[in-house]
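A.B. asks: Sequence:
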Amino acid sequence: MFERFTDEARQVVQRAQEEARRLRHPYIGTEHLLLALLGGDGGPAAQALRGRNLDPDDLRRRIVGIVTSEGDALDPEALATLGIDLEEVRRVTEASFGPGALDVRGGKVPSGHIPFSKRAKKALELSLREALRLGHKYIGTGHILLGILREGEGLAAQVLATTGVDLDDLRDDVTRLIPPKAA
Numbered sequence: 001m002f003e004r005f006t007d008e009a010r011q012v013v014q015r016a017q018e019e020a021r022r023l024r025h026p027y028i029g030t031e032h033l034l035l036a037l038l039g040g041d042g043g044p045a046a047q048a049l050r051g052r053n054l055d056p057d058d059l060r061r062r063i064v065g066i067v068t069s070e071g072d073a074l075d076p077e078a079l080a081t082l083g084i085d086l087e088e089v090r091r092v093t094e095a096s097f098g099p100g101a102l103d104v105r106g107g108k109v110p111s112g113h114i115p116f117s118k119r120a121k122k123a124l125e126l127s128l129r130e131a132l133r134l135g136h137k138y139i140g141t142g143h144i145l146l147g148i149l150r151e152g153e154g155l156a157a158q159v160l161a162t163t164g165v166d167l168d169d170l171r172d173d174v175t176r177l178i179p180p181k182a183a
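Heads up: the sequence shown at position 147 corresponds to 147 in the UniProt record's numbering, and the numbers run straight through without jumps.
Fair warning: there could be bad hints in the mix.
No farther apart than 20 Å at their CA atoms in a straight line, the calculated lysine to aspartate or glutamate pairs in the DMTMM-like style are these [claimed, not checked]:
hint	residue 1	residue 2
1	K121	E3
2	K137	E125
3	K122	E3
4	K121	E18
Label pairs and their calculated CB-CB ranges [stated by the list, open to error]:
hint	residue 1	residue 2	range
5	D168	R22	29 to 39 Å
6	P56	L167	10 to 20 Å
7	L134	A95	45 to 55 Å
8	A95	D168	33 to 43 Å
9	L134	L167	15 to 25 Å
10	E87	Y138	40 to 50 Å
11	A95	G135	47 to 57 Å
12	R24	P180	35 to 45 Å
13	D85	G39	32 to 42 Å
14	R4	H113	18 to 28 Å
15	R133	A95	45 to 55 Å
16	R176	L132	11 to 21 Å
17	A95	E125	45 to 55 Å
18	R176	T93	43 to 53 Å
The hints are simulated quantities; they were obtained by calculation from the structure and are not laboratory data. Built from N, CA and C at the ideal position, the CB exists for glycine as well.
Work out the full structure, taking the sequences as your base and the hints as a guide.
C.D. replies: Take a look at the structure:
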């Protein structure tokens with residue numbers, strides 16, 4: 001399947017791996033693909049996402065917030081029973097050490113090959129189906145975004161939903177921005 005990827009789409013996969021490493025995640029998920037698409041140079045996916053005024057740093061914070069809330073994050077209610085106000089601790093710590101100083105990060109930075117999550121694999125498979133549906137013989141960045149949206153249950157879709165982005169409108173926009181049967 002990767003042989004059908006355009007150079008830009010291959011770069012997205014490389015940037016997704018870099019995003020996973022940056023966030024210290026031991027997998028490449030749909031969220032990493034989303035960040036990589038948004039960090040692109042202006043293909044259909046980046047244009048559609050930027051047209052929604054999405055900020056990569058804001059999305060990264062949302063991703064970290066969701067991932068840590070599902071993991072072993074600090075429990076504010078449990079700490080409150082001990083007389084500890086987590087928000088006050090966070091405020092003081094961030095005032096001294098900068099924003100995100102207490103954010104839980106994964107373990108050590110993964111080295112070597114980082115595997116795709118099941119949802120990311122599914123999204124990439126669906127990107128091929130989207131390309132075929134549109135009559136294209138290649139897979140570009142727009143097709144990857146369409147695959148992520150069609151998969152619909154990965155962290156990327158969840159994060160986009162928290163921003164208020166209408167996923168159907170985003171799907172329509174990226175489809176419109178993909179060149180018709182070119183390349």
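A.B. asks: Taking the hints in turn, state whether each one holds.
C.D. replies: Tested hints:
Distance hint between K121 and E3 is fulfilled; the C-alpha atoms sit about 15 Å from each other, no more than 20 Å. For the proposed pair K137 and E125, the alpha carbon gap of about 14 Å is at most 20 Å, so the pair holds. Annotation: proposed proximity of K122 to E3 holds, straight-line Cα distance about 17 Å (limit 20 Å). Between the alpha carbons of K121 and E18 the distance comes to roughly 17 Å, so the proposed pair stays at or under 20 Å and holds.
The hinted window of 29 to 39 Å between D168 and R22 holds, with their beta carbons roughly 30 Å apart. The given range of 10 to 20 Å is respected by P56 and L167, whose C-beta atoms sit roughly 19 Å from each other. The hinted range of 45 to 55 Å is satisfied by L134 and A95, whose Cβ atoms lie roughly 50 Å apart. Checked against the given bound of 33 to 43 Å, the beta carbons of A95 and D168, roughly 41 Å apart, stay inside it.
Taking the beta carbon of each, L134 and L167 are about 18 Å apart, inside 15 to 25 Å as hinted. Checked against the hint of 40 to 50 Å, the pair E87 and Y138 passes, with Cβ atoms roughly 49 Å apart. In this structure the hint that A95 and G135 lie 47 to 57 Å apart at CB holds, the actual value being about 55 Å. Remark: the range hint 35 to 45 Å for R24 to P180 is upheld by a beta-carbon distance near 41 Å.
For the pair D85 and G39, the supplied restraint of 32 to 42 Å holds, since their beta-carbon distance comes to about 36 Å. At roughly 21 Å, the beta-carbon separation of R4 and H113 lies within the given 18 to 28 Å, and the hint holds. For the pair R133 and A95, the supplied restraint of 45 to 55 Å holds, since their beta-carbon distance comes to about 51 Å. For the pair R176 and L132, the supplied restraint of 11 to 21 Å holds, since their beta-carbon distance comes to about 18 Å.
A C-beta distance of roughly 46 Å is found between A95 and E125, which places it inside the suggested range of 45 to 55 Å. Range check, R176 to T93: Cβ separation about 45 Å, and the 43 to 53 Å hint holds.
Consistency note: the structure conflicts with none of the earlier hints.
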